[in-house]
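**Q** Here's the letter readout for the chains.
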Amino acid sequence: MPENLFKVNIEEYMLPGQRACQGCGLSLAYRYVLKALRENTILTFPACCLTVLHGLYPTTSVTIPALNCTFASTAASASGLVAGLNALNRTDITVVAIAGDGGTFDMGIQALSGAAERGTDFIYVCYDNEGYMNTGTQRSSATPMGALTSTTPVLTKQQPKKDMLRIMEAHDLPYLSTTSSAYPIDLYDKFVKAKRIKGSRYMQIAVPCPPGWGYAPKDTVRIGRLAVETGIVALFEIEDGKFRFTGRSKTLAEKGNKLPVINYVERQGRFRKMSIEQLRQLQRWVDTRWNEYLKRAEG
Amino acid sequence: MAEVQIMTGNQAAALGAKLSHVQVVAAYPITPQTSVTEMLSQFIESGELKAEYIRVESEHSALAVCISASTVGARVFTSTSSQGLLYMHEQIHWAAGARLPIVMCCINRGVGAPWTIFNDQQDSIAQRDTGWIQIYCRDNQEIIDSIIQAYRIAESVYVPVMICYDGFVMSHTMMPVEIPDAEAVSDFLPPYKPHTILSPEAPMNINPVLFPWRRANSEGVLCDGYMEMRYKLQKALDESRDVIISTSRQFAGAFGRDHGGMLWQYKADDAEMILVGMGSLASEATAAADMLRAEGIRAGVVGIRVFRPFPKEDVRAAFRKTKAICVFEKAISYGYEGALCSEIKAAFYGTDIRLPIHNYICGLGGRDVKARELAEAVRSSRDTIAAGDTEPMPKWLNCFTE
Amino acid sequence: MATPAIGEAGKTGDWRDMMPVCDHSKCIPSIKKKAACFLCWLYCPEGVIKATIPLEIDLEYCKGCGICAEECPGKAITMVNEGEKNG
Numbered sequence: 013m014p015e016n017l018f019k020v021n022i023e024e025y026m027l028p029g030q031r032a033c034q035g036c037g038l039s040l041a042y043r044y045v046l047k048a049l050r051e052n053t054i055l056t057f058p059a060c061c062l063t064v065l066h067g068l069y070p071t072t073s074v075t076i077p078a079l080n081c082t083f084a085s086t087a088a089s090a091s092g093l094v095a096g097l098n099a100l101n102r103t104d105i106t107v108v109a110i111a112g113d114g115g116t117f118d119m120g121i122q123a124l125s126g127a128a129e130r131g132t133d134f135i136y137v138c139y140d141n142e143g144y145m146n147t148g149t150q151r152s153s154a155t156p157m158g159a160l161t162s163t164t165p166v167l168t169k170q171q172p173k174k175d176m177l178r179i180m181e182a183h184d185l186p187y188l189s190t191t192s193s194a195y196p197i198d199l200y201d202k203f204v205k206a207k208r209i210k211g212s213r214y215m216q217i218a219v220p221c222p223p224g225w226g227y228a229p230k231d232t233v234r235i236g237r238l239a240v241e242t243g244i245v246a247l248f249e250i251e252d253g254k255f256r257f258t259g260r261s262k263t264l265a266e267k268g269n270k271l272p273v274i275n276y277v278e279r280q281g282r283f284r285k286m287s288i289e290q291l292r293q294l295q296r297w298v299d300t301r302w303n304e305y306l307k308r309a310e311g
Numbered sequence: 040m041a042e043v044q045i046m047t048g049n050q051a052a053a054l055g056a057k058l059s060h061v062q063v064v065a066a067y068p069i070t071p072q073t074s075v076t077e078m079l080s081q082f083i084e085s086g087e088l089k090a091e092y093i094r095v096e097s098e099h100s101a102l103a104v105c106i107s108a109s110t111v112g113a114r115v116f117t118s119t120s121s122q123g124l125l126y127m128h129e130q131i132h133w134a135a136g137a138r139l140p141i142v143m144c145c146i147n148r149g150v151g152a153p154w155t156i157f158n159d160q161q162d163s164i165a166q167r168d169t170g171w172i173q174i175y176c177r178d179n180q181e182i183i184d185s186i187i188q189a190y191r192i193a194e195s196v197y198v199p200v201m202i203c204y205d206g207f208v209m210s211h212t213m214m215p216v217e218i219p220d221a222e223a224v225s226d227f228l229p230p231y232k233p234h235t236i237l238s239p240e241a242p243m244n245i246n247p248v249l250f251p252w253r254r255a256n257s258e259g260v261l262c263d264g265y266m267e268m269r270y271k272l273q274k275a276l277d278e279s280r281d282v283i284i285s286t287s288r289q290f291a292g293a294f295g296r297d298h299g300g301m302l303w304q305y306k307a308d309d310a311e312m313i314l315v316g317m318g319s320l321a322s323e324a325t326a327a328a329d330m331l332r333a334e335g336i337r338a339g340v341v342g343i344r345v346f347r348p349f350p351k352e353d354v355r356a357a358f359r360k361t362k363a364i365c366v367f368e369k370a371i372s373y374g375y376e377g378a379l380c381s382e383i384k385a386a387f388y389g390t391d392i393r394l395p396i397h398n399y400i401c402g403l404g405g406r407d408v409k410a411r412e413l414a415e416a417v418r419s420s421r422d423t424i425a426a427g428d429t430e431p432m433p434k435w436l437n438c439f440t441e
Numbered sequence: 004m005a006t007p008a009i010g011e012a013g014k015t016g017d018w019r020d021m022m023p024v025c026d027h028s029k030c031i032p033s034i035k036k037k038a039a040c041f042l043c044w045l046y047c048p049e050g051v052i053k054a055t056i057p058l059e060i061d062l063e064y065c066k067g068c069g070i071c072a073e074e075c076p077g078k079a080i081t082m083v084n085e086g087e088k089n090g
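Chains as they are written, first to last, in my numbering: chain A, 13 to 311; chain B, 40 to 441; chain C, 4 to 90.
Take the hints with a grain of salt, since some may be wrong.
[To be verified] A short, non-exhaustive set of chain A residues, derived as facing chain C with CB atoms under 7 Å:
(1) L17
(2) K19
(3) M26
(4) G35
(5) T75
(6) G226
(7) K230
(8) G253
(9) R256
The set of hints was computed from the structure by calculation and includes no laboratory data. Ideal placement from N, C-alpha and C gives every residue a C-beta, glycine not left out.
Could you put together the complete structure from these sequences and hints?
**A** See the structure below:
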């Protein structure tokens, strides 16, 4: 029934009783990632929240073949899957690498840049929960400025969020997109599209994390929505260099009524020590980027 | 008629991989390994070898690519040296734990700091705990032959194999090599069957987290804990000795060359002093043994070909009759002594074999080791033993140690 | 290696201290008697809500996160303490 309502594959590839936290943003997004990718997929991922979601031996919660790999090597693991499958003439399988922001922006960046530069025919998914959440919410380069984490417990993170999207854009990819746990249909559609495209495709998902961000599990969708409403997360795709807003961000771009970032920040425990100056910097950062995106959308 | 060509060790390695019909090569340049990967890319780009070549951005990624490609069923190859081997250390452990039949050449080079680009065996010796089979080649013929044997060994016991040979001393030195016939190699190597299939028809999660204890699956069947999986790796290494020996014999039958299985001996049967080494060092020791014999000292050589699994039984048998051993090695386990020396001593534990074992650290960072220096060391050991000192500290050969 | 099965982490329904209860008289698909809304099904991170009329939630595995209750436009779902029932 819901497949016609929402126009998605109704098959569930994530079985109930998996190990992710209550209200996990990754869990929500992952349902739709897998629905879009379908059975002829091989996943590879490093040690991260997803490893735990996939489960501990001898049982797994996901009905798609998966290969665990070391933390730095996700994109290299995917490169090997692609090479091996090509050598064996098994060309009907989509290889998908998935890692968190830690395994993408930080330790995984070398392998990712290498794989993308080589034009490896795979999809790379980064689920960005803005910290090393699986090991207990330590700071990553994806953590926003002003956030408390277990390794920035007193002074908050001092540096702005690393702009991984720009870094990946510099690799001349055929397809790059941003998505959000709070907008599953937008996410689904982009993954369906990505599956059909050849070459290195980069998908970054904005994933709220209840324990890491300090909010109640029931608010995962609400917080994710506020990220988009404030422009902190912009939903867009860049296909062959052409920038296009999608979904709620498209509406916001047209109507020009994004909310001030305080609406997003005040609801999360991790920002309770954020200074006024950091808040202003965050608003400036959002506004600057948003305006750049607006220009690109027009052009 | 078999074709004999004069070629470098690196050429022999590249040809070995080519003859073995490897399907995926991922490698990163590093001195003195670089020409192996260059030659392989030449073979692949010219169409002589049908394979995927992934020009990875680091050695860590090189082995990561080999791991996942091997997992889906492709025969893979990589090679590296020194810092590159160290950089992929995490993946070296991973490959063995994942039970993948990867074959990798380590072109032995010393490690930093400080920098060296020249030969010693510290790089591969430092990997001895990882669960790989390690074979040390003494000449370029052995390189090409051992690579071919390695695929057969690896793909029957599901343990990765490291083929080690000395940087510059062998990698860049030309020796005559008889190239095995391509068809005979194809007959010698059955197709690779991966132990676990990554397939949409039967989805599985490979190499997930295992708990310390055994756990039941959804059907109530008790499955391995981490320790059982690791035990299986050790068991495979123990059992690989027979496969290594039989493969060596079968290779000899098919191609006419026997490199000795686990170890080889030179004039060791009646030797009162035995020189021990690995790779080209052991080869050099045979010249030293001849020099000593000419002076009336009954010297012989035991060349350890397979360092892992450690050939305990073979070592006990080889040294049973001799009076003293001089272990020459191009590496040291800092804080103790040469690893080969320690392991030979340990092999005699529990037996009645009691004899002086002297350790000589030589050739670090490419310092030349001459046969006459090895012979002089043996003479000096003889004198030391005669004077009653049976266990001197390791000596650093031809090194200023004031 | 590891093979797929439900309940890898056990009966995750045990994780709850609050459980979702649906008042079908407020549930839009139930009212309209056709496929409509089902935002609870859409947003459930566990996929334990069955988009049927009336709505079904698999309480063996529902972790009680409360997203369904929070997002329901008809306020049909409320989170109640385990052991209590709402009408």
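**Q** Of the numbered hints stated previously, which ones are contradicted by the structure, given in increasing order?
**A** Per hint list: 2, 6, 8, 9 violated.
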